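Asks: Listed below, chain by chain, are the residues.
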Amino acid sequence: MSPFTRLSRRIGWLPLLMAGAVEVCGMAVENGLSLHEQIDAILARDWAKEKITPAAASQDAEFARRVHLDLTGVIPTGTETRAFLDDARPDKRARLIDQLLASPEYALHMARVFDVMLTERRLPTVKPYDVATAMWRAYLAESFAANKPWDKLVREILDSDGSDELQPAAAKFYVVRDAEPHQMTRDVGRLFLGMDLQCAQCHDDPRFDDYKQADYFGIYAFVSRLSLFRDNKLNRSFVGEKAVGDVTFTSVFTTEQGRTDPRLPGGTMIADPVLAKGAEYVVAPSNTTRGIPNYSRRKQLAEQMPRAETQGFVRNLGNRLWALLLGRGLVHPLDLHHAKNPPSHPEVLQCIEQWLVENHYDIQGCLREIALSRCYQLSSELPPGSEPPAEAFAVAPLRGLTPEQLRWSLLQATGRIEAHFVRADAQLKKSNPEEYEAKRNDWRWRKDLYEQLERQSNLVITTFAALPGQDDSKIDPVVDHALFLLNSPKLLDLIKVAPGTAFDRWAAISDPGALAEDLYLSIHIRRPTADETSDVTKIVERATTPAERASALQPFVWGLLLSAEFRFNH
Amino acid sequence: MNQPPLSATEIGLTRREAIARAIGIVGATALAPVALSAPATEPRKQLLLLFLSGGASQLETWDPKPGARTGGPFRAIPTSLDGVRIGELLPHTAKIMHRLAVVRSVNSTIADHEVGHYAIQAGRLVPGYPVLGSAVARLLERPDDVLPGYITLRRDGPKAYTDTGDAGFLGAKYEAVKVINGRPPENLVIPGGIQPAVLQARDAARRAADERFLRGRAPGPIHGYGTTFDQASALMQRREIFDLDAESATDRDRYGRHDFGQNCLLARRLLKSGVSCVRVVHHDWDAHQDNFYWHQMRCAEFDRTFVTLIQDLEENGMLEHTLVVVTGEMGRTPQINNLGGRDHWGRAWSVAMAGAGIKPGVVFGETNDTGTEVKADQVSIGDLFHTYLRALGLNPHANYHLNGQTNPIADPAGKAITAVLA
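Chain order of the listed sequences is C and B.
Heads up: the first sequence runs through residues 0 to 569, numbered per numbering that gives the first Met the number 0.
Heads up: the second sequence runs through residues 0 to 421, numbered per numbering that gives the first Met the number 0.
Calculated directly from the structure, the hints in this document are not laboratory data.
Hints are not guaranteed to be accurate.
[What the hints assert, rightly or not] Covered stretches of chain B (in silico footprint by chain C; criterion: 3 or more residues with CB under 8 Å from a CB of chain C, positions within the stretch not fixed): (1) 219-231; (2) 261-271.
[As the list claims (entries may be wrong)] Reference excerpt, derived from the structure (chain C facing chain B, CB under 10 Å, subset only): (3) 114; (4) 266; (5) 491; (6) 523.
In this text the structure is predicted, and so the values were computed from the model without any measurement.
C-beta: ideal position from N, C-alpha, C; glycine also.
Model the full assembly from the supplied sequences, consistent with the hints where possible.
Replies: Below is the structure:
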């Protein structure tokens, strides 16, 4: 029995989708191909079959910008860009990927990404009782810094009721949804299983045969006994649970009735144990006490959900990690996996799933493999004469920067992050020389410093973010964004000529060629063309002092920051 | 880009041309001729969509069933149209029924807010298509337009689905510009102390960069982003179109001092200014409890404002070229639940229209005695979409040709309701 068949047996539903995959994945395992080589082989075969010519490989500069944005959430500095472009080692891309994945910025970036993914920028109805965002982000950052396996992370999130000493912040997932059972049901399905069962709340979904009302209520039964308990003394919210409450449902179409115990899609029902009368609760719920049952269905959810056997659990993670780097899921949209909406490249998704199971949900390792693939490293310049469809993954897509990527990239391009860290670094060296080396690379120290910068730039997030509960990735550019970039005094504050910003450096470069190079390396993360150098030369030709040079450059820098090349991840 | 400096008044227009020239695409996207008539000298057709969000009850409005087990407590009253009665909560509307066309036989099959919001406005279930406002903004666009084609007026709030979908594959240019809680978009004014030369240099740098970046890349997203800057400069120059204070106090009173009233007055102002499509969202019709109390409140706001608006449009000569549509994302169940509410319902409900292209004084279709089924002349969401386009003089059988793809403007399975067309 090949390792692959063994795995298929373990994950019983996989073979259904497998038809032609065994060969590729099977071969892959026997030949010891790495995941990215398997991905490359499958896609090359699919492109040939569809007669699609993929784009050329990306230029080094294109790759550097993209991989920094995807793995650390910000464009590189001009200095980093120059060093990478001038590096002659043939394996410099793999080195850069590893270096970025090992950096504290990776953990902080992933914390921001998963914060938005898991909370969807929701706020609980009673704001002061929320789990503080800083605490929740720190919890996520710590998890990603330690490369916590996804099953463990999900288990903690579903298990936390806010009282846990170790992971109180993990309860944020419940708290921002007011622990409202229907909202929880929908989002557990969407975010952890890739299935939006909302329509199945009232009836079997007429659009898809495989979304059943019984599936919806199977999940619902895990969370139907929950409610939020607001502790007025601690000013915090906790998740409370009752020990009783059965779930029945009626189809509004057929008036058929059903009753269900907790059950995950494709799984079996989990009956409550029979408890002696009076033994239902550790703490019985009342107006002043939070209900803690002896047998918790929520804990069952935390236990049952994060397993390879749970239909959709591994697939959802694989699909979301793919989308993080490629801008779109293999299953698209991310939360609509069903028989009529299969993955565009089923074998790619299967190989990723297999890899994730074999490598115990190693998120960092999986991102590394995807980033190493030829597909990830394609250029965003179209292959001659054609525009391949997005689902072919044959050209790097133009994706708008997320609000967070845009914020940090604006601060990076204008030199504000570097300046901030240089100051803090000097201070740390002086005040704490023994621990300096260890501390400066600690995500905690860096997180606090980034938070200081966040305060001046929060308006970028509120302007560009989707409404609470709405998926950010669907947001197209709209006129309000343009008005902000053109006229907001807050934005101007971030990009004006000011001491301690990149304008200091630019003002000091009197050679126009060198100046153009520095500007383009810092803002567009590449060297300028001859035309661009001549543009810069014209702009500064009449400037005789550094101050004049800075003010002549400011409108030009502003224009570059508003350009599509800056606004997109490409 | 060596454009001469532009005077303030011509910037919005000329910029767009400049970009089109620079990128070598005139008219941005090829579109087969879709207008059925309308030489350019005629006033532009316009669309006003009054969206009753949450789903108004057809039984308390256009299709009352007094005395039926599903009928609820309210009476039906006679209208200006012989033999036609509507719910007593709409006494003013009853007096202008001869100006309206009402379809009582809509079966949209959808009983969900989010799906309904999209599907009713896109005229189909398949995702990714532009909603009515975006589609019509695109189809009625003229080359010299500077203002955005579609503006939506709504309340702020967590119900994000009120904007579901929007422009779809038409892209950012046809997304609705949003007026939320009566506030125009922010940042409409150039901050003080910035010299015009700075702005020109900034814009020239951005345009030159985009022109270079475009070479060899997929143009859609790059144009889409660039367009938002053109729209921004147009809005900055015409920001007075959002200024309700420029309307008289008398008018502000006549329209009602509530969100819906003030938004309808603003809608009139926007239509007068030449915006192709305006949508006003009237919120809170989702009466799962105390349906009859809620409909008293909602209908009272709607009734007076709606009639004021229709009469104004008529007196100003605007109604003949403005299609007015009154719809929600669904109707409400005939069955009254044990909280005195009516729930989500898509199988038999009503939509009203007036103005451009509509035959006034028509009631089309019929439901059964309890309102649970359509009895005659069933109408689908695709049929409604076809009807709206035809009323605006557009050809619903034409296609969009965009990015190498051909997509039907309206669902080919639908057909216009000729009985309500003039």
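Asks: Output the indices of the hints that this structure fails to meet, ascending.
Replies: Hint check: 2, 3 and 4 fail, others pass.
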